[in-house]
Amino acid sequence: MLGEMFSYGFMQRALVVGLMVSLCSALLGISLVLKRYSMIGDGLSHVGFGALAIASVLGLSPLAVAVPVVVGSAFLLLRVSERSKIKGDAAIGMIATGALAIGVMVLSLSKGMTTDINNYLFGSILAMSASDVWLSVVLAMAVLILFGLFYRKLFAVTFDETFARATGLSAGFYNMLLAILTAVTVVLGMRMMGAMLISSLILFPAITAMRLCKSFHGVAVCAAIISVICFMLGLVSSYLYNTPTGASVVVANIFAFLVFWSIEKLRGRLAGRNSVA
Amino acid sequence: MSLLICRDVAFAYEGRVVASGIDLDVNEGDYLCIVGENGSGKSTLVKGMLGLMEPCNGKISYGDGLNKNEIGYLPQKNPLQRDFPASVWEVVSSGFAARSLFLTREQRLAAEENMALMRIETLKKRSMMELSGGQQQRVLLARALCATRKLLLLDEPVAGLDPLATREMYEIIEDLHKNRGVTIIMISHDIATAARYATHVLHLRHEPLFYGTTQEYLRSAACQTFVGGEEDV
Numbered sequence: 018m019l020g021e022m023f024s025y026g027f028m029q030r031a032l033v034v035g036l037m038v039s040l041c042s043a044l045l046g047i048s049l050v051l052k053r054y055s056m057i058g059d060g061l062s063h064v065g066f067g068a069l070a071i072a073s074v075l076g077l078s079p080l081a082v083a084v085p086v087v088v089g090s091a092f093l094l095l096r097v098s099e100r101s102k103i104k105g106d107a108a109i110g111m112i113a114t115g116a117l118a119i120g121v122m123v124l125s126l127s128k129g130m131t132t133d134i135n136n137y138l139f140g141s142i143l144a145m146s147a148s149d150v151w152l153s154v155v156l157a158m159a160v161l162i163l164f165g166l167f168y169r170k171l172f173a174v175t176f177d178e179t180f181a182r183a184t185g186l187s188a189g190f191y192n193m194l195l196a197i198l199t200a201v202t203v204v205l206g207m208r209m210m211g212a213m214l215i216s217s218l219i220l221f222p223a224i225t226a227m228r229l230c231k232s233f234h235g236v237a238v239c240a241a242i243i244s245v246i247c248f249m250l251g252l253v254s255s256y257l258y259n260t261p262t263g264a265s266v267v268v269a270n271i272f273a274f275l276v277f278w279s280i281e282k283l284r285g286r287l288a289g290r291n292s293v294a
Numbered sequence: 711m712s713l714l715i716c717r718d719v720a721f722a723y724e725g726r727v728v729a730s731g732i733d734l735d736v737n738e739g740d741y742l743c744i745v746g747e748n749g750s751g752k753s754t755l756v757k758g759m760l761g762l763m764e765p766c767n768g769k770i771s772y773g774d775g776l777n778k779n780e781i782g783y784l785p786q787k788n789p790l791q792r793d794f795p796a797s798v799w800e801v802v803s804s805g806f807a808a809r810s811l812f813l814t815r816e817q818r819l820a821a822e823e824n825m826a827l828m829r830i831e832t833l834k835k836r837s838m839m840e841l842s843g844g845q846q847q848r849v850l851l852a853r854a855l856c857a858t859r860k861l862l863l864l865d866e867p868v869a870g871l872d873p874l875a876t877r878e879m880y881e882i883i884e885d886l887h888k889n890r891g892v893t894i895i896m897i898s899h900d901i902a903t904a905a906r907y908a909t910h911v912l913h914l915r916h917e918p919l920f921y922g923t924t925q926e927y928l929r930s931a932a933c934q935t936f937v938g939g940e941e942d943v
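If you're matching them up, the sequences are chains H and L in order.
According to our numbering, the first sequence is numbered sequentially starting from 18.
According to our numbering, the second sequence is numbered sequentially starting from 711.
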């Protein structure tokens, strides 16, 4: 049955890109969650929606338009969120919903529209063309390699930005790197997962892993594994039960979170009982 | 030549001057204690010395082979870090993060040695979340030592610690100063300790009320007003 499932070209493409995106988002999610930057992932996905909509109406390659636009917005959103004086979260909300509205307008105004808005918002497994897959794999590899290369610096900047800056680490550069890698990951994943759901891929694995893992390295390994397993479960169940892929992956992530959260609570209670006894 | 020199330094936030007229010479082997009430400009001066904030007047310079980025810094307690998943080893070795992409063998050995100095070598694999306040401070001090062995800048190192952990922390700092030749700058509002360990005192209330050796400080008017006569050190 699984053999039959992956005999389809579109399923193979979904599997390859989905696994890469799951890995990238899980790893980047740790720093984003800990730095209180998770809003940026959400904002970027909305901007990505607007960019994809415009690209499809103009008949341009979706990734070629969305990647630069979203990376550019990442610069903007980071600037905005670092200057808390002008209410960073409100500004991100304005940019995000603004881009969403523009995307919806563009899509509904264009007569020759072939794809449903629904597909953009909640994802479609058919979205990936063969040429997209190559670009996606190359970009995702770049994200993973950069993350691995700068892992220790990203940890230092995430754990204690003041100390990092005092010892000569350019915190601004690494925050920007984080935002750019997130932007690329969001764009790669959003057509399959949907603009509304892609940021859950950033949040869930990291937060789930943090229930039980208490070191940064442990959280990274655990989040990556959780993310890959949940993606596989979501993909298979969406094929078997004909459910939307993006939503299925998120539901798998919710289950994983509940399991980890229960174990954490149980552990806490057991530890509490032991210390009383 | 001094490690760190401040000449008529002033700092301002959005045009409002919070500290001014600061002259300092920190020499190798000094133990300078910067005292003052909350909001007296101490933490601002720290940011300036670390190069995180530009003075609006005057000049801060570094000498004697010390670079701007070679100050080991122990920050004030940061509530954000309380739930941060990080092992002791990850935090200590992050003191080297600015130097290289990957940890070298020498750095690994130095990190081990610094953990031994702080008496935390048995905690290596433990999570920061599971440690007591005193243990956490020693981990962060080990990280600072990884960044440098020349000059440590300690911002309220004993804030929130119980008396036993406080004493242990002061002893460790004194050991670094006396036996390892580390120059210390410590921010504190604890005059009694300043008098006991420090070689020099800067008393700040937006501008220096006193700057000189500890012996002179104990006889000065600034000291008398701060202590309020309640402590006879």
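Please note that a few of the clues may not be correct.
Unchecked claim - Reference listing, derived: stretches of chain L covered by chain H, where coverage requires no fewer than 3 residues with Cβ under 8 Å from a Cβ of chain H:
| id | region |
| --- | --- |
| 1 | 795-802 |
| 2 | 810-823 |
| 3 | 872-883 |
To be verified - As a list, the in silico DMTMM-like pairs of lysine to aspartate or glutamate whose alpha-carbon atoms are at most 20 Å apart:
| id | chain 1 | residue 1 | chain 2 | residue 2 |
| --- | --- | --- | --- | --- |
| 4 | H | K52 | L | D793 |
| 5 | L | K778 | H | E178 |
| 6 | L | K778 | L | E840 |
| 7 | L | K757 | H | E178 |
| 8 | L | K757 | H | E99 |
| 9 | H | K282 | L | E840 |
These are computed hints drawn from the structure, not numbers from a lab.
Note that the structure is predicted; figures quoted are calculated from it, not measured.
Even for Gly, the Cβ is constructed at its ideal location relative to N, Cα and C.
A quick look at each hint next to the structure:
no.	hint	verdict
1	795-802	holds (count 5)
2	810-823	holds (count 3)
3	872-883	violated (count 0)
4	H:K52 x L:D793	holds (12 Å)
5	L:K778 x H:E178	holds (17 Å)
6	L:K778 x L:E840	violated (34 Å)
7	L:K757 x H:E178	holds (13 Å)
8	L:K757 x H:E99	holds (18 Å)
9	H:K282 x L:E840	holds (16 Å)
Checked against the numbered hints listed earlier, the structure breaks hints 3 and 6; every other hint is satisfied.
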